[in-house]
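4 protein chains.
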Amino acid sequence: MGKGRVEAFTDGVVAIIITIMVLELKVPHGEDLSALAPLWPIFFSYVLSFINVGIYWNNLHNMFHTVQRVDGRVLWANLNLLFWLSLIPATTAFMGENHFAPVPVAVYGVDLVLCGVAYRILVTKLHRLHGNDTAFAKALGSDRKGKISVALYITAVLLTFVNQWIGVAIYFLVAAIWFVPDTRFSRVIEK
Amino acid sequence: MGKGRVEAFTDGVVAIIITIMVLELKVPHGEDLSALAPLWPIFFSYVLSFINVGIYWNNLHNMFHTVQRVDGRVLWANLNLLFWLSLIPATTAFMGENHFAPVPVAVYGVDLVLCGVAYRILVTKLHRLHGNDTAFAKALGSDRKGKISVALYITAVLLTFVNQWIGVAIYFLVAAIWFVPDTRFSRVIEK
Amino acid sequence: MGKGRVEAFTDGVVAIIITIMVLELKVPHGEDLSALAPLWPIFFSYVLSFINVGIYWNNLHNMFHTVQRVDGRVLWANLNLLFWLSLIPATTAFMGENHFAPVPVAVYGVDLVLCGVAYRILVTKLHRLHGNDTAFAKALGSDRKGKISVALYITAVLLTFVNQWIGVAIYFLVAAIWFVPDTRFSRVIEK
Amino acid sequence: MGKGRVEAFTDGVVAIIITIMVLELKVPHGEDLSALAPLWPIFFSYVLSFINVGIYWNNLHNMFHTVQRVDGRVLWANLNLLFWLSLIPATTAFMGENHFAPVPVAVYGVDLVLCGVAYRILVTKLHRLHGNDTAFAKALGSDRKGKISVALYITAVLLTFVNQWIGVAIYFLVAAIWFVPDTRFSRVIEK
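Chains as they are written, first to last, in my numbering: chain U, 1 to 191; chain E, 1 to 191; chain F, 1 to 191; chain W, 1 to 191.
Honestly, the hints are just simulated from the structure, not real lab data. Please note that the accuracy of each hint is not assured.
No distinction is drawn between identical chains; accordingly, a pair holds when it is met within one copy or between any pair of copies.
Taking lysine-lysine and the DSSO-like style, the derived pairs with C-alpha atoms no more than 30 Å apart in a straight line are [to be verified]:
hint	residue 1	residue 2
1	125	138
2	3	26
3	3	125
4	26	138
5	26	145
6	125	26
7	145	3
8	125	145
9	3	138
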């Protein structure tokens, strides 16, 4: 089964997710700059989520490069990932509109944990399909980065109840780790 | 007439349908977990519809693999299917916001019946275009699964007026039947 | 300049237009069928617009088949068409929410006139670019259908002020004329 | 790394941005033409933004034609541009709903400045990746047009506080400059 349409559909859904978040930036009616001030937590959460969804797009882009085929299990593992990603606009708005209160920040983090787990599942299904001795498996390695991210997200969710800004800081830290696109896959592509 | 753009357009519309449903998950303003509680029927109906639309995407993906060409009738049969699929966000919200009351659950089921019928029409038009002695026709067979689904959806709609949860249970049952992507088509592709 | 990305972008915008119209079908909060009754004008206008946008997609699909190249003028003529098409969700809602009152029905028709004119402009630019002795020009012929549609839409807008249902009837009449995809282009493709 | 999916994703996001702006054209409930009158500033700002986003799509379309490959830096520079473009629906609505008051007009301009800067950054990263002696570099030249646009936008933002219509006029002036698609790139493509 070809990977072309899975890529196209995934790109489509991710493009919509990343764009509809902006619908939350509801327009203030005041005419001066102070009217924009109450928007900052919504804007700030939008920036964080734009980066996070951008990272997923980037990594999916690089990963699918070395993928050679897909099967039914991969299609569903991919839809599972898209499901948790599709909740990001809602959890982002929940966090932003409640001005980064602890529970919404934790809920946002739980969604990130589930996205991370879904990504790991997708990678595992692809690994099983391709076998150990393929470009895909070599590029993936032990996927330490993926495992560390999930662990950090869980830590962030827990620490949110000490102080929510620790949670937010860890979300940015994980984003920074992934910011550089997954060079493992690009390194293999170069060869 | 090539099938490429029909596939791309269909993927685009389905990607948008599956994603805009999340706009119904309107953000609660409370800052704690109890604020999320009233969202459960909307979330639950979102999950059901995400799976249903995902199944359509999956099956359309597999089916178009064995398709060799399309004509005007197929284009319109496809748009007809997209029309009924495009109502799913509205019927999902109707069902979720009314906490699975019988009439909204039945209306949701009627939309599923119409999607199922539209899928059958599309398959029939493609069958007629390709003839009996083609990969497409062999993969399709008698389409028992498609016919049973429509029959089950009609049963579900009727039983909703006895107890709506029977209806909901049947919707999940049909989803489970289709969850495994249509191996008939993939089996033919493998060869 | 290749036509691939213009097709893809056009498909994307049309897919979004056809899908976001459904956001107007706002969910009623009543739990029984009578709650759906007030939705009928919005649903009815949605059906009409879904068919109209579907027709444009269909005809653009067929037309671009015989197109061989595009230039800057074509890109802008295409964006111009997309602009007027992008207003259809708004004019549809204006018509539906005001229960097919004369002025909204006329405004809807004016948008259809402008879409029709924009389509004629696009076709003319493509004709000029391809020259008379090409598959495109032969498929296009005198474009009587395009010219008649614009004339009928103008008539419909004017007759709306006698009785708006005459206008609505003509909108459906034009849709019926175009419903069969433009066989001129498909005929040329067959050869 | 191939450029195909970056193009497709970019097209998708731009298609969504250009289309969701129309959701701001909220339907008036009056039944006559006077009901449309209060919409003019929103409609006027929609037209300006449709042209602006259309210009970006057009120029990205032409620019990616001469691009031969992309790397991680280009992907992020592209996402950065998409981020600032994604704010256009919000800044457009802010400007339109406040009837072109000075501060919203300036905020809109600041977003255009940031889009322009992001476009320059993207072009620079691509230039560095391709080297000086390539079709891309030759097509780009000194990018005077890009630099002048940013300078004009900054001027427009400042002059908005003298009179906001000077700002709006300059926004239209820059649009006019870019309206003709970037012939530098198309000239190279022709060869």
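Given a CA cutoff of 30 Å, do residue 3 and residue 138 count as a within-copy pair, a between-copy pair, both, or neither? Both. Shortest intra-copy (19 Å) and inter-copy (23 Å) distances satisfy the 30 Å Cα cut-off.
Between copies, within a copy, both or neither: which fits residue 3 and residue 125 at Cα up to 30 Å? both (14 Å within a copy, 26 Å between copies)
Could you place residue 26 and residue 138 in one of the four classes (within, between, both, neither) given a Cα distance threshold of 30 Å? neither (46 Å within a copy, 43 Å between copies)
Intra- versus inter-copy proximity for residue 145 and residue 26 (alpha-carbon distance at most 30 Å): Cα proximity of residue 26 and residue 145: none, with 36 Å in one copy and 33 Å across.
Is it within a copy, between copies, both, or neither that the alpha carbon of residue 125 lies no farther than 30 Å from that of residue 26? neither (40 Å within a copy, 33 Å between copies)
Intra- versus inter-subunit Cα pairing at 30 Å for residue 125 with residue 138: Both: 15 Å inside a chain and 29 Å across chains, each within 30 Å.
Homo-oligomer pair classification [residue 145, residue 125; C-alpha up to 30 Å]: Classified as both; 17 Å inside a copy, 27 Å across copies.
How do residue 145 and residue 3 come out at 30 Å by Cα distance, when the copy is not named: within, between, both, or neither? Both: 24 Å inside a chain and 26 Å across chains, each within 30 Å.
Using 30 Å as the alpha carbon limit, work out where residue 3 and residue 26 are close: within a copy, between copies, both or neither. neither (38 Å within a copy, 34 Å between copies)
In summary, the structure is inconsistent with hints 2, 4, 5 and 6 from the numbered list given earlier, while agreeing with the others.
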